[in-house]
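K.L.:
What follows is each chain in one-letter form.
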Amino acid sequence: DGGITQSPKYLFRKEGQNVTLSCEQNLNHDAMYWYRQDPGQGLRLIYYSQIVNDFQKGDIAEGYSVSREKKESFPLTVTSAQKNPTAFYLCASSMPRPYSNQPQHFGDGTRLSIL
Amino acid sequence: AQSVTQLGSHVSVSEGALVLLRCNYSSSVPPYLFWYVQYPNQGLQLLLKYTTGATLVKGINGFEAEFKKSETSFHLTKPSAHMSDAAEYFCAVVNNAGNMLTFGGGTRLMVKP
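Chains A and C, in that order, give the protein sequences. Position 44, counted from 1, in the first sequence is what our numbering calls 44; the numbers after and before it change by one each time, with no gaps. Position 28, counted from 1, in the second sequence is what our numbering calls 1028; the numbers after and before it change by one each time, with no gaps.
Derived from the structure by calculation, the hints contain no laboratory data. Mixed in with the good hints, there may be bad ones.
[Said to hold, decoys possible] Taking beta-carbon pairs under 10 Å as the criterion, some of the chain C residues facing chain A (in silico):
#1 Asn1024
#2 Phe1034
#3 Gln1042
#4 Phe1090
#5 Gly1105
#6 Gly1106
Where is the CB? At the ideal position from N, CA and C, for every residue including glycine.
One chain only, chain A, in its complex shape (with noise of 0.2 Å):
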């Protein structure tokens, strides 16, 4: 089955530490993204990719770092210039422009911590 894969599913960061989350898709879309989730605030974007070696900064992209060197992968490191990274971050897929009528596919989240 087709679908995007996030790893890990739980992540522990120690202080002044980087750490990589892991977002594989094989959906064969152009377009990946990665957004930051906190309680009762919805979705943030970090970053978007719309194509392989593109990517653009979100809303919230200060203290995170990401990479597209293969279509089917979009790994985002957070680094400890980020000091609240505690969150559950969604990697999510598409076709770009112009199938923008094309809903977004979700991963499974992975829920980082600060120990």
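Given the coordinates of chain A, work out where chain C should sit on it, guided by the hints.
P.N.:
Frame of chain A, contents of chain C only:
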């Protein structure tokens, strides 16, 4: 810029009662609108979408939504709530550039026995 407002961060209904979750949007172009559902510790699952055509859209699990341009609304309804409907629901609109979704803040639906 687009925005989405979901009125009521928490909604509680009795099992078998009508479910009504409200969504109002702002968009300078004809909108593409989506409703997603999220169960605890899971990702978002598409319930239904409106792009063009019929303004009453039917989705999965007995949900439907009606696009009302004059009211800039896309409210989600279900005639009879089940316990399994307890979840968080998100309304979203595609931005003008067509490359991103803007989400509402979510509504947590609780279903009482």
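K.L.:
Now tell me, hint by hint, if it's right for this structure.
P.N.:
Hint-by-hint comparison with the structure:
1. Asn1024: Asn1024 (chain C) check fails; min Cβ-Cβ to chain A is 15 Å, beyond 10 Å.
2. Phe1034: It holds, given that the least Cβ distance between Phe1034 (chain C) and chain A is near 6 Å, below 10 Å.
3. Gln1042: holds, 5 Å
4. Phe1090: holds, 7 Å
5. Gly1105: Since chain A brings a Cβ to about 4 Å from Gly1105 (chain C), closer than 10 Å, the hint holds.
6. Gly1106: With a minimum Cβ separation of about 5 Å from chain A (threshold 10 Å), the hint on Gly1106 (chain C) holds.
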